[in-house]
Each structure stands twice: as C-alpha cells, then as structure tokens.
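Asks: Protein chains in written order, with the numbering used here: chain A, -7 to 420; chain B, -7 to 420.
Everything labelled a hint here was simulated from the structure, so no lab data went into it. Hints may be right or wrong, so weigh each one.
In silico lysine to aspartate or glutamate, DMTMM-like type, Cα no more than 20 Å apart, as pairs [unchecked claim]:
| hint | chain 1 | residue 1 | chain 2 | residue 2 |
| --- | --- | --- | --- | --- |
| 1 | B | K244 | A | D415 |
| 2 | B | K239 | A | E403 |
| 3 | A | K244 | B | E85 |
| 4 | B | K114 | A | D102 |
| 5 | A | K210 | B | D66 |
| 6 | B | K114 | A | E361 |
| 7 | B | K114 | A | E403 |
| 8 | A | K226 | B | E199 |
| 9 | B | K210 | A | E199 |
| 10 | A | K114 | B | D377 |
| 11 | A | K239 | B | D415 |
| 12 | B | K244 | A | E361 |
| 13 | A | K114 | B | E403 |
| 14 | B | K210 | B | D66 |
| 15 | A | K114 | B | D102 |
| 16 | B | K226 | A | E420 |
| 17 | A | K114 | B | E361 |
There are 2 protein chains.
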Amino acid sequence: MTGTTAAAASIDIDHYMTALGRQARAAARETARAGTAQKNAALRAMADAIAAQRADIASANAQDLAAGRDKGLDAAMLDRLALTPARIDGMIEGLLQVAALEDPVGAISDLRYRPSGIQVGKMRVPLGVVGIIYESRPNVTCEAASLCLKSGNAVILRGGSEALHSNQALARCIGEGLRAAGITEHAVQVVATPDRAAVGRLITMPEYVDVIVPRGGKSLIERISADARVPVIKHLDGNCHVYIDDKADIDKALRIAFNAKTHRYGTCNTMETLLVAQGIAAQVLPALGEAYARAGVELRGCQRTRALLPDILEAVELDWLTEYLAPILAIKVVDDMNEAIAHIARYSSAHTEAIVTEDFSRAQRFLREVDSSSVMVNASTRFADGFEYGLGAEIGISTDKLHARGPVGLEGLTSQKYIVLGDGQIRE
Amino acid sequence: MTGTTAAAASIDIDHYMTALGRQARAAARETARAGTAQKNAALRAMADAIAAQRADIASANAQDLAAGRDKGLDAAMLDRLALTPARIDGMIEGLLQVAALEDPVGAISDLRYRPSGIQVGKMRVPLGVVGIIYESRPNVTCEAASLCLKSGNAVILRGGSEALHSNQALARCIGEGLRAAGITEHAVQVVATPDRAAVGRLITMPEYVDVIVPRGGKSLIERISADARVPVIKHLDGNCHVYIDDKADIDKALRIAFNAKTHRYGTCNTMETLLVAQGIAAQVLPALGEAYARAGVELRGCQRTRALLPDILEAVELDWLTEYLAPILAIKVVDDMNEAIAHIARYSSAHTEAIVTEDFSRAQRFLREVDSSSVMVNASTRFADGFEYGLGAEIGISTDKLHARGPVGLEGLTSQKYIVLGDGQIRE
C-alpha cells in the first residue's frame, strides 16, 4: 500500500469511527430514557434472534475458524474463538439473566432533608457511551452489549479481527432485538472493520465516548491506557496472595490454600504466591506440598520453605512478581503478619488477597491495611468475581481505585448525579 | 538563562518532585492507617499553630502582597491573595470543622451473606496520594490539606507562585500539627518552588500520585487535563439553567429565578440562562424584568422575550454558551419542557439545572432526563454546594461523570474496596 493510500484509508476509518461515535452519542440519550420493560424486551428479543439464527452464527464462526487455522492461530486462541452449541446456549442464557437483573438506572438513594428545607439525594444514571475493546472471544459481544444496554448506555464494540464474521452475525441478532423493542440500532454498534486504526480513534474521541473498557491481556490494556484520551476501566494482572497466619485453623488453611491455587489456573483471582507464618509453617507446608504435588503444581519456595519441602525449586525475586496463570506456585515463609502485609504491598497487583486466621484483631487489621480491590478473611481468592459477589454479571474486574474497584457490574457502568427537591427554597 | 542551565534546572525540579512523590507515597500508607482521633488531633494542632503564628503568617502574606503589587496584579487577584485576620479566623474554624466531620475511612456498607456462605461488602478506603493545584487563594492550602488528611490521603499542594511565602508559612503550621499528632510531615507537602515545571511533573507521575484536583479557572483545568497522565477530578464551567414551566407556581418562579441569578454573581452555581415556557412568559417576565433591572442585571433575550421586555438586548448564539459570572442574564422563551430539555442538552455545561413546576410528572421527567451533576425541582441553583448538601466541606465540584460527580467532599477523596468474610469457604 502506498503512503497516500494508507493516509486515505486512515481518513476513512476516522470518518467511519466519528460517524459511529456521533450515532452512539445520540443513541445514548434514547437508552438513558428507555424504561426497564423496554430494555428487557430488547434483551429477550436478542436471545430469540440468536436462537433463531444458530445456523447463520455457526457458519460465520466456521468462516472465522477456518481463516484462523490458515493464519496459524494456536489451539488456545482457536478454542476461545469457537462458538460451540453450548456457548451459543450460554449467550442466550446470559441475555435472559441480564434481563432478569434489577435496573440500576433512576435508583434514588440517601434522599434527606437539609436544614434549608431542601431534600438532597443521589440518582443513578448511565455513563453515556461505553467503548469495549476485546480479543478473540465472540461471546463478549453479547455479554458487553447486554450489560451496557441494561445500564442505559450506548456501546461501541470492537472485537478481535479474527472474530469479525462471528461478531457481525451476533450484531445482526442484537440489532433485531433492539428493533423489536423500538430502540435505535445505534444503541449497540459493532465496528465492522479489522483496521487497527479504528481502536486508535475509538479511544481518542472524548466528545463521543465516555469510558473505555478493554478486555484482554495485560499488553492490550497497557497499550490502550497509554494512548487513551478517555477514562479507561483497567483490569491489569492478578498477582493474588493467601497469607496463612500462625493463628489459622489448620483445616481451613489447607482447604483455602489448595482451592485458591488449583480450582482454576488461568483466572485472575487464582493465588500466585502463598505466604505462611513461621510459627505454623511446619504444620501446614508438608501436607500442602503433598496435595499440590498430587495436583501437579510446581512449587518454588524461599529458604525457609525449602527447609520443610527440600525437593522444590528455589524462588527468585521474579517469582514474587509473577502472575503464572499456570500450575506453578511461589511460597514464602514470613515472620508474622507484618511481613506478610509488607510483602503484599511490595509485590501484589492489588487484585485480591486473603488471610487465614482465627485471630479477630489480625483479621480486622488485614482487612483495613491491605490495599487491594478485594481483601478476604478465611475464604478462597477464587470468590473475587461479579457472580459470587451478587452483581449478577461483570464487565471486568477493575484494579484501579477511581470510579470502580474490583468486579464491575451494572452499577460500575453508571454514575450518580445529585437531585434536589424543593418547595420554592432560595439561598438567603 | 542558557539552554544548559535551563535543562539542569529542570532536572533538579524533576528530582525534587520525584522526592516529594516518593515521600508522599510512603506517607500515604501511614495516613491510611491513622485512626480518627489521631487525624483529628493533627487538625486541631494545626489550628492551634495558625492561631499562635498569626503574626508570621500575616508578615509572609504582606511580602506576597507587596510583590504582587510590584508585579501589577489586579485588585481582584490581590484580594484573593490577602489573608486578613477574618480569613485567618476562617482557616482555623475550617480546620476545626473538618476535625468534627465523620471519618469516612473504614466504613463498611452492604455487607451481605451470599449463597456460598461468604459475606461480601465494601469498605471505604483513601485514594492514596492527591495532588492539588490551585491559584492565588492561600486559604486553599488549609482547606485541601485538612480534607485530604481526614480522608486518609497524603497530599502534595502546589499553590500559585504569587502566594509562595503565605503558603510556606501555612505549611509550617500544618507540619507542626502533624508532628504534634505523631503523623509524618510528608503527609502534607507544599511545593516550595514557583517553577512551573513542578506542575508538569506532578501531573505525570502516576507511580506516586493517584489523582489530581485542579482548582482555578477553566484554562488552568483544561491545560492540566490535557497533559495529565493521572486521573483528574475536573471542575469546568457552570453554565446553569432555570426553566420556568407553564405549570409553575408564579411566586416560587419569581423567587427562584431572582435568587439563582442575583444571590452571587461570581459562583459556578449561579444561573446564566433563564428558560421560560411560552404559556407563562407573560405572567413572569415583566415582573422579573423589573426585579433584575432594580438589581442592575443586564438582560439579553430571544425574540419572544423581547416582545415582553422590549428594552433589552437581543441574545445571540454565544449568549446561550456563556458563563457570564457577572450581572448579565440570557433569557429564552421556549414552547414547552421538551424544548427546555433540548436547549439544556445542547448548551449546558452539565453543572446544575432547575425546573420550577407544580406538575409531578414533568418534575419526574426533568429529574430523570437532564444529565447534569445537580438537577433540581423548585429550588435555587445556588444550593449546589458541598455545605448545603451536607457534605460538610468540598474540595471542588466535579462536572465529570466517572468517580465523583457534583460537589466532592470527603467521600469523593475515597474509594471502596470489596471485603469478604468467610469461615473456610472454597469455590466448588
């Protein structure tokens, strides 16, 4: 492609994305006003459309899978890309579940009389236009569209280029659902070009997009955060810790430490480093070492750990920083809770940390002093999840502090404005 | 200054600001842990120190005022810069008031059992390190320091260069207060150089600063927002509207429209455009025209307004966009509430808008559909204020949607993390 053609193409992408943005901004005024019943009708009609168009979706997906195999995508990527009948069922079920969730929009809280006679409270309102950038999983198209619509937002979805046909097939079903409920199709727009310039434009038009939610690997999220001119709800890595205190109940400690590592290896709320108090190490580490060995987990320990588990590798500095996302676990024996909290402050990604202890005051201090999006006492880190927390669904887990922290559900896609109800009051 | 010297100086500023940042980050761990009594003791000791050092503060301020007069600062700027005895009293009073406010840190809400047996709730936590950038008013030094400390944050304050000596004198009192309560002096650091490069560095070190709150004119805030690599709690302009509906109570309409404009002209919650429904214009505009004329307010109206108030100027497009901050008011007669809502959506800065009506359904619709940080029924826009809303104090009024919207008090300087309390639960 010559320089001139490249420039021309990029102007076209700008023009295209600007048009999507303008349409989304207009649609957002309509979705903000849409009633609960209307939004739910759209979600159910989307589910019906997907059920009716299974064959089209499957054939679009087959096209993407074939192209992916030709391009040499690896097995894991092809697996994420595949829309099996079970995953199509899952999308339908997901849409119906979001329809069943409580509508956050318009909820009024803390409405109180002030000495001046006015009543002041807060009303929950949509954020406006949400931009979602994601990688291979086409299921995200439905999940993200449904959460954004239910929370009264318009959304621009930009999936991976390898899922283009699948996403377009799903977009047609979503559009049908919106039309059936009398909501503008611009409420959910799926970017129809694989050109990467579309992402560059999407994250730099604050006049049309209020927030960006990237879903994908750390490098994608870091790249987007660095270039965005719009707030980003970031979900970086989950280097999660469990600390077994010397006042822990041994049975709970063994259960939690085993579950937090082995329940699933590839999730962000999986434990990556186990911290054990010196005073209890000899009581828990031999049993844990055996259990992990049986589960095929590779252990890497500090000196004191290796004194109890002599066969394991030595942990190096990098291990304390690593989110393995694999059957590997770093273990460190610490003097006490102070050292555990200091280790977490230094190495954690501030996602999720848990203490196992029966000591009330230590539990209170751990809850207060550990600065992570989820802090737990006597529970597995694997609980850090929108469904487990009762949010109904999640659009991501924020490791930021501003706006939303931890699992982000419908509420995280809304804001609160102040409302004032008076009877003619003026400032004196 | 030669290029080499300038580069050297700017390296020194970088080095200096990095040191402040590192110190603030370490201090933030301490302020986050500090108990309510300790923080309150520090605030009261700051008030004592200011009372004891009135003479020093006054003489530092006199030095700034003399330099300002030499530099030819205008009367308004010199007035903002002056620390009169009454203003010093105000600072002391303000510190004691913040000490009396409820401590937001550690508050737990929505703690509920989930089907898995875990309890999930949210705990309020400090943001970390706050950077405040402000202009001439040295009182802001105490206000901002007290709010940040009470909310458990460390703060780096960067006041205007014209207030450098005053701010340094106040910084000494603040430091004394912190020391007296056993809190590190790095909890509140006042930038001691007038070099503008300090601001550039402060807003681009996300590793040390979690959020920036600029306080000042629109151009300052726009400049900072454009360059910041850290989230900014923005307060842009307040182009506020009152809409008098044709179902309004005439008396309430006259009181509110008069108060919203004339109570104070220079504040961001002052009405700048009055919208009046066609059906009631003849009943309210002549009386309002007279009242505004008596108060010395210049009116600029649309065609239909001028049919009722023939002596006033014609409003042009720019008037609908302007935050006058002066005794000037734009008036537009609209067909109905739909046109009023559309006008607000197009021209408002999304700060504060009010409707005057006795119609329940219209009030409900206005509250829901107007997308501003404060939306009011039958009350003066002048109520949009942290004190009037019961926040106790405010660090600014956010016209952003993410994180904090409207008046930002102690809560706006905090975040919420999830906490999970279990009894050995694991994910099955």
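Asks: Look at each hint and say if it fits the structure.
Replies: Quick rundown of the hints versus the structure:
Under the criterion of a C-alpha separation no larger than 20 Å, the hint pairing K244 of chain B with D415 of chain A is consistent with the structure, at around 8 Å. Taking the CA atoms of K239 of chain B and E403 of chain A, the gap is about 35 Å. The hint is violated against a cut of 20 Å. Of the supplied pair hints, the one linking K244 of chain A and E85 of chain B is violated, its CA atoms being roughly 52 Å apart against a limit of 20 Å. Pair hint K114 of chain B plus D102 of chain A holds up; C-alpha atoms about 17 Å apart against a cutoff of 20 Å.
At roughly 51 Å between alpha-carbon atoms, K210 of chain A and D66 of chain B are farther apart than 20 Å, so this suggested pair is violated. This hinted pair checks out: K114 of chain B and E361 of chain A have alpha carbons roughly 14 Å apart, not beyond 20 Å. Restraint check for K114 of chain B and E403 of chain A: the C-alpha separation of about 14 Å stays at or below 20 Å, so the hint holds. The straight-line distance between the Cα atoms of K226 of chain A and E199 of chain B is roughly 15 Å, inside the 20 Å bound, and the hint therefore holds.
Between K210 of chain B and E199 of chain A the alpha-carbon distance is near 17 Å, which keeps this suggested pair within the 20 Å criterion. For the given pair, K114 of chain A sits about 14 Å from D377 of chain B by alpha-carbon distance, which is consistent with the 20 Å threshold. For the given pair, K239 of chain A sits about 14 Å from D415 of chain B by alpha-carbon distance, which is consistent with the 20 Å threshold. Between K244 of chain B and E361 of chain A, the direct Cα distance comes to roughly 51 Å. Violation of the 20 Å bound is thereby established for this hinted pair.
Under the criterion of a C-alpha separation no larger than 20 Å, the hint pairing K114 of chain A with E403 of chain B is consistent with the structure, at around 14 Å. As the CA atoms of K210 of chain B and D66 of chain B are separated by approximately 19 Å, the hinted pair is consistent with the 20 Å bound. The hinted pair formed by K114 of chain A and D102 of chain B meets the criterion: a straight-line CA distance of about 17 Å does not exceed 20 Å. Simply put, K226 of chain B and E420 of chain A have alpha-carbon atoms about 28 Å apart, too far for the 20 Å limit, and the pair is violated.
A hinted pair counts as satisfied when its Cα atoms are at most 20 Å apart, and K114 of chain A with E361 of chain B qualifies at roughly 14 Å.
This entry does not satisfy hints 2, 3, 5, 12, 16, going by the numbered hints stated previously.
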